[in-house]
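Here the structure of chain L is known, so what remains is to put chain X in place on it, guided by the hints.
The listed protein sequences derive, respectively, from chains L and X.
The working numbering puts the last residue of the first sequence at 302; the count rises by one with no breaks.
The working numbering puts the last residue of the second sequence at 113; the count rises by one with no breaks.
Just so you know, these hints were derived from the structure itself, not from any lab.
Yeah, the Cβ is synthetic: ideal placement off N, Cα and C, and Gly gets one too.
Don't take every hint at face value.
To be verified - Some chain L residues flagged as far from chain X (calculated, every beta-carbon gap over 12 Å):
#1 Leu22
#2 Arg56
#3 Gln98
#4 Pro108
#5 Leu145
#6 Leu195
#7 Ser215
#8 Gly228
#9 His271
Stated by the list, open to error - Under 10 Å between C-beta atoms, here's a sample of chain X residues computed to sit facing chain L:
#10 Glu70
#11 Trp73
#12 Arg81
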Amino acid sequence: MTWTEQLADELGRRGVPARQRETILLEMKDHIACEPASVSRLGNPGELAAEFADELATQSARGGALGAFGALGVAAVALIVSQLGLGAAGGYPGFDNGYSTALAIPAILCMVIAPQIALVAGTLALLRALRRRGEPVLPAAEIRLVRRRTWVGLGAGLACSVALEVYVLDFLAVEPAWWLGLVGGLAGLAIVALGAAAVSLRGSGGLVVAATGPAGDIFDDLPPLRPLRGRPWRLCGVVAGGVAVAMTLGEWHAEHSLAEGLQRGIFEGVAATVGFVLLGRAIGARR
Amino acid sequence: MKPNTVKGQLDALILATLDAGPAHGYAVGQALRERSDGAFDLPEGTIYPALHRLERDGLIESDWSTEAGRRRRVYRLTRSGTNALGARRREWSAFAGAVQAVLG
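In isolation and in its complexed conformation, chain L is listed as follows (with noise of 0.2 Å):
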């Protein structure tokens, strides 16, 4: 087997795509036609295989927490605007005077919570990424935490933008055409973004990283926590309790009800413990 043969098997052993896989070889075969001496001056071609797969899963990795971020943005606009126009619409229809309950109530409850977990995981994502933009590798370890949140983050985004064309779809005989057209057409967009940004991350999930090192958690990326580092549970009260009291604060002054407010604030609270415990772990708040 010659030493070009050996790189493309451990490129290929390694995961990485044909593409770039073809241009390196190519170079490959030019230096060694250019002094066929020099491949003993190559060096090991798994050890240079293993540098090629850790660099392009470390950019592909930051790169997928960009995009998805980016993507995020056209999610939560359509999210904003689907609420600010139905102000400008005459208001909330009342989640039973649509086709059916049946579809109302989940997509109202997925348009609530899914865009707080993708808040929360995709500008995880991000701020990790930002943080380590210097660095040509990073540990499977941390690339493997990068791409959990962003993965959350477009599963979340997804799943908000898809509840929303469920509401456009419910409140077809109810909201004005302009309301329907726009929002639609926002969601539809923010569904072609987020999948364009999955198919992306997807694309680089097999390579392979051999660099070792730690993840990191949630307290590297965001040091006032610090302090609690090592006590996942206050965290998640802290977090918790601070969503629910600002979610009463906000809706008592929304609706000129503390009882409302209490009610809101409650499920809040509540909504960000069980997102906690299921998904403490996938981005990295809680080992």
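Chain X in isolation, oriented as in the chain L frame:
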């Protein structure tokens, strides 16, 4: 010189090599060896991940050409690469001066 010592400065060394004009991977490796009088003895293959990284970062760009019937990728500095090289040269001068002052 230990490969790891050179590797830490590889990006700057490649930028400096390409400052003399466009070059393909083999020529970059040769220039590094010749200009360092053979002191930079690192596996030549490691130049390529660095070249690809520098291109992703927008510091260099490349074009494919055909040479004696085979495909060749030729790299050149971009404007950002020229600026980055200037910054690296200033950093290195300050660092080398400080080390020299301490070592005597």
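Hint-by-hint comparison with the structure:
1. Leu22: Nearest chain X Cβ is 8 Å from Leu22(L), so the label is violated.
2. Arg56: With a cut-off of 12 Å, Arg56(L) comes too close to chain X, as the shortest Cβ separation is near 5 Å.
3. Gln98: holds, 39 Å
4. Pro108: holds, 49 Å
5. Leu145: Fine: 15 Å to the nearest Cβ keeps Leu145(L) off the interface.
6. Leu195: Correct as stated: the minimum Cβ-Cβ distance to chain X is 43 Å, above 12 Å.
7. Ser215: For Ser215(L), whose nearest Cβ neighbour in chain X is about 15 Å away, the distance exceeds 12 Å, so it holds.
8. Gly228: Answer for Gly228(L): holds, closest chain X Cβ roughly 16 Å.
9. His271: holds, 54 Å
10. Glu70: The hint is violated - Glu70(X) has no Cβ within 10 Å of chain L, the shortest such distance being about 14 Å.
11. Trp73: Hint on Trp73(X): holds, closest Cβ of chain L at ~8 Å, below 10 Å.
12. Arg81: holds, 5 Å
Hint violations for this structure: numbers 1, 2, 10, all remaining hints satisfied.
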